[in-house]
Amino acid sequence: MSLIKVANVNKILGNSDATVEVLKGINLKVDEGEFLALMGPSGSGKSTLLSILGGLNPPSGGTVLIDDIDVYSLSQERRADFRHEYIGFVFQQYHLIPYLTALENVMLPLAINALPSKQKKEMAHDVLKKVGLGDKCTRLPNQLSGGEQNRVAIARSIINEPSLIFADEPTGSLDSKTATELLELFQTLNRNGLTIIMVTHNKDNLDWVSRTIFIRDGRLIDPPKVA
Amino acid sequence: MRLSQIALENLRRRQSRSFLLILSVFIGVMAVVFLLTTTTAMKKDVADKLDQYGSNILILPDTGEALTFGGITVEAPTQIKELDMSVLDKMQTIQNKDNLGTIAPKLLADAQINGQDVLLLGVNFQQELKLKKWWKLIGTDRFHIPTSDQILVGSDVASVLHLQPAQTVNIKGQNFHVAGIIQPTGSLDTDQAIYMNLATLQTLTNQPQALSLVEAAALCYTCPIDEITRQLTEKLPGTKITALRATLQSRDDTVNRFSLFAWSLSVILSLASALVVTLTLKSSVEERTREIGLFRAIGFRRLHIAWIVLAEAGLVSLVGSVAGAFAGMSLAAGFGNALAKIQVRIAWQPNVMIYAVGTAFLLGLLASIYPAWKASRLDPVEALRYI
Amino acid sequence: MTLTTIALQNLRRRKGRTAFLLFTFVLVSAIIVCLQALAVNLQADLQKSLTQYGANVIITPRSEHLALSYGGLAVPGLSYEIKTLDNSVLDIVTRNTGSGIQTIAPKVIGKINFQDKSLLVVGVDFASELKMKPWWKINGKQPQAREIVAGATVAKQNSLAAGSTMNLNGLSYSVAGIMQETGGSEDNVIFTDIPTARVLTGNTDSWSMIELNSLRPDQTVLRLSELLPAAKVDAVSQLVQGTQESVDRFRNYALFASLILVLIGILIVAVTVTANVNNRTPEIGILRAIGFRKEHILGLFLREILLLSLSGSLAGYVLGAIAPPLFGHLIFAKSFPFHLFPGLALLTIGASLVLASVSVAYPAWRAASLDSTEAFRYI
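Residue numbers (this note's numbering), protein chains in the order written: chain D, 1 to 227; chain S, 228 to 614; chain U, 615 to 993.
Hints listed in this document are in silico derivations from the structure and should not be mistaken for laboratory results.
Heads up, a few of these hints could be off.
[Said to hold, decoys possible] Some, not all, of what chain U presents toward chain D, calculated at C-beta under 7 Å:
id, residue
1, T618
2, E795
3, A903
4, L912
5, L984
[Said to hold, decoys possible] The calculated lysine to aspartate or glutamate pairs, modelled on EDC-like cross-linking and capped at a C-alpha distance of 16 Å, are:
id, chain 1, residue 1, chain 2, residue 2
6, U, K908, D, D68
7, S, K360, U, D985
8, U, K662, S, E302
9, S, K270, U, D862
10, U, K948, S, D368
11, S, K568, U, E859
12, S, K276, U, D659
13, U, K697, S, E461
14, S, K357, U, E859
15, S, K363, U, E859
Positions of the beta carbon are idealized from the N, C-alpha and C atoms, including for glycine.
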């Protein structure tokens with residue numbers, strides 16, 4: 001039973017006089033519990049595909065079904081609810097709120113949940129501990145290193161216990177040791193039942209994932225022959 | 228790529244941000260220009276209205292005044308000298324003739340009506356009603372100009388002679404209709420007289436060119452009243468020309484208060500607009516601290532950064548203030564009269580616009596250079612962390 | 615953590631932005647309130663000074679005959695009957711000042727011969743007259759008994775100066791001062807105090823006329839007409855109406871200025887708030903990506919701006935209300951009493967809350983309608 005079914009998705013960017021077809025006829029199925037890597041050179045459309053899968057960016061054509069729900073047939077608001085419930089997103093630039101501390105950034109998705117304040121705090125603490133930042137709860141994003149910010153972003157994406165995580169180049173700005181720690185964290189989460197889709201262009205990361213799909217010039221392609 | 232191009236590109240790419248920046252400057256400058264212009268016009272309008280509220284200049288023959296005080300006459304002279312109609316033409320020959328707002332000539336005569344001696348005043352009704360704005364008329368309204376066979380009757384005359392509006396009275400052998408009764412004014416001069424058309428009274432008394440006195444309202448906003456009386460005295464030998472100090476003093480008092488209010492309004496508004504322009508540009512540069520850190524990181528000197536920021540702020544404040552000054556001035560010239568309910572025409576005042584634009588431009592530059600300098604002194608890393 | 619926490623943290627941690635927004639609200643509401651305070655004070659001031667200016671009620675003897683004079687000229691050759699007010703009239707007026715009467719200026723007017731000419735003598739109470747008629751300027755000093763003040767024309771015609779003497783009815787009187795030209799009938803008379811005038815004119819127990827200054831001239835006329843059926847009591851409508859018109863005009867003027875100012879204030883607040891929200895488009899994109907609904911975003915921004923506008927306009931109101939009493943005397947050389955303006959306070963604060971909400975809601979809604987990927991491009 002596939003968790004994600006993508007049919008004939010294409011995406012055209014630009015205005016009326018100059019358009020670029022970023023994605024061309026993408027068909028893809030992802031099963032529950034997979035740890036999927038989306039690989040391709042820069043400009044291949046992998047980030048765009050990820051944002052379309054994550055319900056952030058409507059495609060120009062085609063359908064995206066997640067848990068048999070046609071994501072883009074939902075209204076904007078229902079789509080927001082859907083993201084809140086199903087999806088965690090880790091952005092390439094982390095996108096932390098600059099005026100909130102690490103703990104508050106992690107708690108952010110809970111701000112619209114009706115839970116007691118104390119419970120929210122405990123949950124955020126637990127998640128921060130899980131990503132190894134239990135001692136840096138009160139730091140503001142600009143007081144954290146890139147890797148730490150990345151981990152706060154991951155903590156934020158899992159606090160709501162989503163069934164899917166989308167991560168855009170999560171290891172892109174990390175040194176190899178931190179990158180390894182992060183991938184181990186993803187692996188643990190994956191083993192606990194989380195489906196993860198990760199965009200990367202680093203071949204080393206592929207050792208950790210359960211499946212890799214390749215994208216080039218907006219099309220999914222067969223895996224290139226290893227020379 | 229030149230530095231000014233960076234500034235220009237920044238403005239072009241971040242359109243809504245640039246638009247709001249320019250809009251702030253625009254509003255500030257427009258407000259100041261509009262209000263300064265209209266309040267100046269309003270001040271003049273108030274002064275003109277006060278000047279035309281009753282007369283402030285009296286032209287009398289130079290001899291033959293009665294022994295009279297506060298409307299109570301003790302003794303009349305045995306004969307009086309009279310003026311003639313040429314006085315009116317001569318008044319128009321003075322240098323400041325445009326400052327003569329209302330000229331109300333009068334002829335005094337007496338008549339016996341039902342055995343009572345009554346004062347007849349021949350007047351130019353149009354001018355008279357313009358001058359005596361406090362008259363309340365019964366039987367007619369202020370905007371109806373009585374015709375040559377109609378008269379206005381002072382309240383005391385009406386009560387002594389039992390006159391009603393629309394009644395007919397025989398004066399010196401001619402029938403007149405009472406067009407209206409003037410409600411008591413507290414001035415015996417007005418309450419105890421019958422007003423009729425000047426030409427009619429001149430014919431009736433057989434003195435076709437005669438005048439007894441002239442009341443005038445001079446507009447003193449641009450020319451002091453003493454100057455006007457001096458000019459009149461020069462052109463009108465054989466007359467006594469006096470300025471009525473009682474009206475003048477209260478006029479000055481009132482005009483001063485309007486000026487004071489207008490002045491404080493302008494000061495407050497100018498300060499506020501200056502603050503708005505300053506703070507808007509200052510905060511817009513502060514928000515770019517990260518960007519400035521980036522420029523520093525790639526090796527820009529402080530002078531380069533100052534140049535970029537100044538080019539941008541200068542352009543924003545120049546465009547905003549020029550547009551604002553034009554908008555404010557056009558609004559004032561186009562709708563100021565109607566909005567402020569004034570009659571004075573509001574003219575374009577290029578100097579106000581130049582001052583406003585100059586001030587806004589300088590303030591814009593000063594306001595943006597300080598935070599830019601501060602930001603460029605930070606280490607690039609620190610600047611990049613700025614939220 | 616709730617939306618309120620996020621709002622508070624933003625206000626707390628981005629001090630510069632918060633201060634700027636707060637300042638805008640303070641400035642706009644302070645100016646509007648301050649201007650209103652100025653207008654109310656200056657208007658009251660104008661009303662007071664105009665009302666105190668000149669005689670606005672005049673009591674004259676009732677006469678069967680009509681006067682035949684105008685503006686200092688009289689129809690020649692007729693004899694004029696002189697009527698007077700009974701002494702009791704002044705007593706009645708003095709006892710009934712409840713209708714706003716401020717100054718009472720009774721006069722004795724009479725004729726006297728001086729060097730083969732007739733002169734008009736007016737006996738007045740100088741203190742009351744000068745209080746009422748600030749345009750009376752005497753060069754010299756106020757006269758004592760047996761001293762006189764000459765009107766400008768009289769002085770010129772008879773070559774009088776302060777210090778010269780006049781021989782009237784066989785007694786010599788010294789000229790204490792000359793009144794500057796007024797342009798009115800004052801120029802043609804000589805003034806003395808009342809006892810001296812009584813001696814000179816032989817009028818020992820009656821008054822020629824009484825001028826009054828009243829705060830409520832219409833009421834005074836009604837009241838005194840009732841009490842003094844034998845006298846003629848009239849409001850001087852030129853003054854009364856003129857005062858009304860000037861005060862009304864000032865009110866309109868102030869209203870006009872306030873309206874313009876309010877409009878400008880609205881624009882400034884709207885632009886500032888809109889710019890602030892626009893700058894935060896990427897932040898809105900993040901919140902949307904996390905799954906915040908539009909109503910959550912609106913709720914967050916409204917919380918922030920309501921807090922700011924409430925505190926800002928409240929502070930502005932307080933500043934605007936206390937500034938005139940505190941600093942007014944430095945600029946206007948007069949003290950301003952403190953007014954509370956409860957209506958204006960409610961209006962200013964209410965309007966600033968509504969305005970802030972509206973100007974935050976539109977750009978926030980628009981930003982929240984963007985797809986997150988688009989919103990991130992606003993960085």
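Evaluation of the provided hints:
no. : hint               : verdict
1   : T618               : 9 Å, violated
2   : E795               : 75 Å, violated
3   : A903               : 5 Å, holds
4   : L912               : 12 Å, violated
5   : L984               : 10 Å, violated
6   : U:K908 with D:D68  : 25 Å, violated
7   : S:K360 with U:D985 : 68 Å, violated
8   : U:K662 with S:E302 : 37 Å, violated
9   : S:K270 with U:D862 : 14 Å, holds
10  : U:K948 with S:D368 : 42 Å, violated
11  : S:K568 with U:E859 : 14 Å, holds
12  : S:K276 with U:D659 : 20 Å, violated
13  : U:K697 with S:E461 : 41 Å, violated
14  : S:K357 with U:E859 : 15 Å, holds
15  : S:K363 with U:E859 : 14 Å, holds
Of the hints listed earlier, those the structure fails to meet are numbers 1, 2, 4, 5, 6, 7, 8, 10, 12 and 13, in rising order.
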